[in-house]
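Taken in sequence, the protein lines are chains A and B.
Those letters in the first sequence? Residues 1 to 115, by my numbering.
Those letters in the second sequence? Residues 1 to 111, by my numbering.
Worth flagging that the hints you see were computed from the coordinates, not collected in a lab.
Here the structure is a predicted model, which means the values were calculated and not measured.
Misleading hints may appear alongside valid ones.
[As the list claims (entries may be wrong)] Distance condition first, Cα-Cα at most 27 Å in a straight line; then the derived DSSO-like pairs of lysine-lysine:
| no. | chain 1 | residue 1 | chain 2 | residue 2 |
| --- | --- | --- | --- | --- |
| 1 | A | K51 | A | K27 |
| 2 | A | K44 | A | K71 |
| 3 | B | K57 | B | K108 |
| 4 | A | K62 | B | K98 |
| 5 | A | K103 | A | K27 |
| 6 | A | K103 | B | K56 |
| 7 | B | K70 | A | K44 |
| 8 | B | K98 | A | K103 |
| 9 | A | K103 | B | K57 |
| 10 | B | K108 | B | K59 |
| 11 | A | K103 | B | K70 |
| 12 | B | K98 | A | K27 |
| 13 | A | K44 | B | K98 |
| 14 | A | K44 | B | K108 |
| 15 | A | K51 | B | K70 |
| 16 | B | K59 | A | K103 |
| 17 | A | K71 | B | K98 |
[What the hints assert, rightly or not] Just the calculated beta-carbon pair ranges, DEER-fashion:
| no. | chain 1 | residue 1 | chain 2 | residue 2 | range |
| --- | --- | --- | --- | --- | --- |
| 18 | A | P8 | B | Y97 | 26 to 32 Å |
| 19 | B | V28 | A | Q111 | 33 to 39 Å |
| 20 | A | M26 | B | E5 | 44 to 50 Å |
All C-beta atoms, glycine included, are put in the ideal place defined by N, C-alpha and C.
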Amino acid sequence: NAGVMQNPRHLVRRRGQEARLRCSPMKGHSHVYWYRQLPEEGLKFMVYLQKENIIDESGMPKERFSAEFPKEGPSILRIQQVVRGDSAAYFCASSPQGQDFEKLFFGSGTQLSVL
Amino acid sequence: TQLLEQSPQFLSIQEGENLTVYCNSSSVFSSLQWYRQEPGEGPVLLVTVVTGGEVKKLKRLTFQFGDARKDSSLHITAAQPGDTGLYLCAGPHSGTYKYIFGTGTRLKVLA
């Protein structure tokens with residue numbers, strides 16, 4: 001059973017370009033979370049999604065950031081017109097429905113570097 | 001806003017020593033989780049504590065949830081270099097599915 005897959009592992013973008021980060025949850029998991037982590041810091045919640053629905057996006061910047069989790073395919077975190085301050089590690093986690101919903105399984109992250 | 005404060009922020013100890021790290025909040029959590037994160041990887045869930053006063057053991061790691069469910073501790077006995085990593089506590093915000101993470105304790109165990 002494959003774990004949470006994130007790609008790319010490393011992404012380099014110049015200021016003003018778009019960044020697309022992908023996350024394939026574990027098989028059977030219908031909940032996806034995105035977190036951002038700066039060096040030497042903890043994880044900051046960004047968004048929580050279920051299939052085709054954004055449940056909580058209270059941690060997402062209002063502009064330039066968007067997330068989706070379509071019926072088919074991976075969840076996408078999209079950052080438009082990136083700036084240097086967007087440089088960080090972005091982690092995706094998934095969890096199942098039911099009594100184990102609180103067990104978050106994390107991917108290895110995407111390290112975004114903005115030049 | 002519910003916050004999770006962890007202490008100490010950094011800890012460097014010798015192999016074989018014991019240590020305790022703490023996770024504190026002014027708010028009540030329905031459950032708390034502990035994760036360990038190694039460089040370049042995502043956090044890995046160690047344990048979930050649900051009941052006030054609950055104690056769980058995972059080999060040399062002992063986790064405790066405070067009676068009032070506002071705090072938790074992680075005790076490591078006879079630490080080993082393999083225990084090195086960032087230890088994070090996390091809990092659901094106000095009973096929702098939004099999990100917030102603590103500030104983390106970065107542990108280094110020297111051989």
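- Message: Output the indices of the hints that this structure fails to meet, ascending.
- Response: The structure breaks hints 15 and 20; every other hint is satisfied.
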